[in-house]
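Sequences and hints are given; from them, build the entire structure.
Chains as they are written, first to last, in the working numbering: chain A, 1 to 178; chain B, 1 to 490.
Think of the hints as simulated: they come from the structure by calculation, not from any bench.
For each residue, glycine too, the CB sits at the ideal point set by N, CA and C.
A portion of the hints provided could be inaccurate.
A short, non-exhaustive set of chain B residues, derived as facing chain A with CB atoms under 10 Å [to be verified]: (1) V175; (2) G212; (3) V214; (4) F220.
Residues on chain B that point at chain A, a partial pick, calculated with CB under 8 Å [unchecked claim]: (5) T25; (6) N159; (7) T204; (8) S207; (9) W210; (10) T211; (11) R219; (12) E221; (13) L234.
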Amino acid sequence: MSNIKYILGSFGDPDEMMHGIEKLQENNIKIHDVYTPMPIHGIEAKLGVKRSRLDIAAFFFGITGTLTMLTGVYLATVVDWPINIGGKTHFALPDFIPITFELTILFCAFGLVGSYYASTHLFPGRAPRVMDIRATNDRFIIAIDAKANADHAKIDELLTGAGALEVKYNERKYISYE
Amino acid sequence: MSGHNESILREPLITGKDITYAQITDDILLPVENKPNKAWWIGFIIALCGATLWVVAVSYTFWFGIGSWGLNKTVGWAWDITGFVWWVGIGHAGTLISAVLLLFRQNWRNSINRSAEAMTIFAVICAATYVVSHMGRPWLAYWVLPLPNQFGSLWVNFNSPLVWDMFAISTYFSVSLLFWYTGLLPDIATIRDRAVGMRKRIYTIFSFGWTGNVKTWQRFEAVSLILAGISTPLVLSVHTIVSMDFATSVIPGWHTTIFPPYFVAGAIFSGFAMVLTLLLVARKVLGLENYITMFHIESMNKIIILTGSIVGVAYLTEFFIAWYSGSEYEQYAFINRSTGPYWWAYWMMMTCNVISPQLLWFKKIRTNIAATWILSIVVNIGMWFERFVIIVTSLHRDYLPSSWAMFYPTWVDVSVFVGSIGLFFTLFLLFLRVLPSIAIAEVKLLLKTASEQSKKKLIDEGHLDKEQVDDYLESLNKFDSVNKADYTIK
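As structure tokens, this is what we get:
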């Protein structure tokens, strides 16, 4: 038993899995992470995942885009090469609203998605740290650190009691890939 | 989420008996994980011939210049910009479905957003190639970018809608691509975890290491919502700016403030028609009747009637304003449009865009797959003619009668257009083979709340209002994927 690193409770139903999380938490068993094939609403509150600050980041990326375009256009049309078009003002702001808007969106989207990939460690070719291969298909997996929670029989009982279809004892943290 | 049952008054978004999460994965990945069937090969070979024609015609244009098109000194824009606006418009439905319907929490978008977004990307690729090839010297296409250069440095004209358009289209394309790809990550991971060998290695690279843990999913939802929030004004701005290519000019027939809303409505109109054209076939060939149901088809048809009618009102308003303006040039442009040498194009547009979509008011027609499919193609023909009418009929009789001309397309014009359709279908058919055509994770979300089986369970449990159950059962009649014999009560 001592080689076991992680205990996985494999559920076939999201509501039963949520029930399993409650049961484990009532018994002070710390949950390492949960892997699901679809987003589960309300789970972040249960597991204490903090609110995302990506929206704040997105706002500042967007503002950066706005300022970049306005500055760039000002430098091009007023400082670097002013053109007299029928005596109209060089910095014709209404004309620059569409492009300023586009650059705001562009910076916001790329900054947002870039921050998301960086904060969740997603990048091309990253080795997937999968604990159970069915977690992207039809199983809802609760992972528990086996070293930190010694009473394995109790965990098994709680998971099965909550409706787990299967309880796995993994000797490696992540299943071997390749 | 999964704890709440959706009201019985809403029609089911997933039909079929005993659908499980595993079955959703299997059903959707069927075309990805198996060898293509005959229908796919036939379609692909035809599309590939079209794409080849496109390569030939575009290469010919690059080599010999745009003199190989039928343009003349009076009609300087014709099939090129018609094709460009047509394709950009088609692309709009994808963003509308993925972004606007997400903001409005329209769950029926979940099973059509993936392929609609793919369609957006391929349509914008087709549109962008027109932009590049109509420049005449495509190797200087980078001149539209505000890059420092050796002329002084001479900047692009930031006051020009053509420059705005470059910003709009490139932002639109790249943001759509980001949105689409981020949404694809969980589904690519699903394919990865079921694949073996080389396939597994490839999908591993493209899945970015997705595991589906809590934090990633939570952030994923936040990102989707913000991207939807910024894509919504983006999609409206794109066709607004496309319309400004015309509206900011002083050409009678173009110089009109109604263009932005009218172009946006037209874009959604043609985009939804193209989504229907593609999905009605894909649904049948790939066996996705349980996920793309009659409810989805009917909902899209309703959007088509709405936007088609907006377009119809815009046509009439334009005509009224031409008369009301008192400007004889404006009046002549419209009289010439409807009764001049291009009367047939004008009336083709009117029939296809305004009159025939009204048939969709009849429930029998909008829930009939064959009729819907034909109407969707009719709409796209009409929308092509709309752009042709706006562009060519406004130009061909200009201020000097001595320079009046007609536009006759050459084989290159026709081949670039037909070829771009081939290119679009080639890309779409390849997409169906390598990526899931329905967002697997998003459809799984609906299984416990909005599926036929969950609603049937509620009915079987019996605590529901009888009248509501009857209404619900009646609404199931139109579904071709529901077996009414399963409902024994009553």
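> In ascending order, which of the hints set out earlier in this document are inconsistent with the structure?
Replying inline: none
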